[in-house]
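Use these hints to put chain B onto chain A, whose structure you have.
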Amino acid sequence: MNETLCNDLKAAREAVGLTQGALAEAIGVSRKTINTVENGVFQPSTLLALKLARALGRPVESLFWIAD
Amino acid sequence: MNLVEKAEQRSRLRAALFYALATILPLMTILALAGPGESTTRLLLWLLIIGLAALNLSSLPFRWSRCGPVSRLMNDETTKDHRRSSFAAGFWAMILSAATTMVVATFQPLGAAALGRITITAGLTAALIAFATLELRASR
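Just so you know, the sequences run in chain order A and B. For the first sequence, this note's numbering gives the first residue as 1, with consecutive numbering after it. For the second sequence, this note's numbering gives the first residue as 1, with consecutive numbering after it.
Isolated chain A, as found in the complex (with noise of 0.2 angstroms):
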């Protein structure tokens, strides 16, 4: 089974009116960390995927989802 990873971190990122780097500042990672995430290529730790739904006022399971 090929299972993927997907996100709508960028839509929820600006639909709060944040940059990248505010995002990353918010949450104390670096920028790429954002990046990466946002593009797919890097896989957040759970601790991650749920600092960045707290700082964007999301439930962490609208921001990331598996797709089979």
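These are computed hints drawn from the structure, not numbers from a lab. Being a predicted model, the structure only gives us computed values, none of them experimental. All C-beta atoms, glycine included, are put in the ideal place defined by N, C-alpha and C. Check before you lean on any hint, since a few could be wrong.
[To be verified] What the simulated footprint calls covered on chain A by chain B, stretch by stretch (three residues with Cβ under 8 angstroms from a Cβ of chain B suffice, anywhere in the stretch; the number is not a length):
1. 27-38
2. 41-50
[Unchecked claim] The following residues of chain B were derived to be distant from chain A, with all beta-carbon distances above 10 angstroms:
3. Thr41
4. Met74
5. Met102
6. Thr133
Okay, now just chain B, sitting in the frame of chain A:
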């Protein structure tokens, strides 16, 4: 300039430094193998460079020192993932270079020092290039 921008700037500088080291290390190895003999000074310099390169590829300096906020950003989840990937690239480069050198050694005898030097150089160079490339690609 905020913390994220500072960290990004330093990360780019680190990547450029790694590319420079990845150029210097093979050159030093070629010079040592092609030259008349190994001088102690050149060997010590090479050992110093490989030590510093290996140390910077690992996250050990970030564990030893009391890291500031910029240093923490330079060793976040993505960077650790890039370190793991670059170590894997270095491992395969070492295996490949060791196997190739052993085949070559059946035709052209090589000393243990030369074998070690070629293998370490190949592994470190591959790891340095892989890390720098992943870091710069992620910053785009």
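Hints, verified against the model:
1. 27-38: holds (count 8)
2. 41-50: holds (count 5)
3. Thr41: Check passes; 39 angstroms lies beyond 10 angstroms.
4. Met74: Methionine 74/B not clear of chain A: closest Cβ-Cβ about 7 angstroms, inside 10 angstroms.
5. Met102: holds (36 angstroms)
6. Thr133: holds (13 angstroms)
Comparing the model with each earlier hint shows a violation of hint 4 alone; every other hint is respected.
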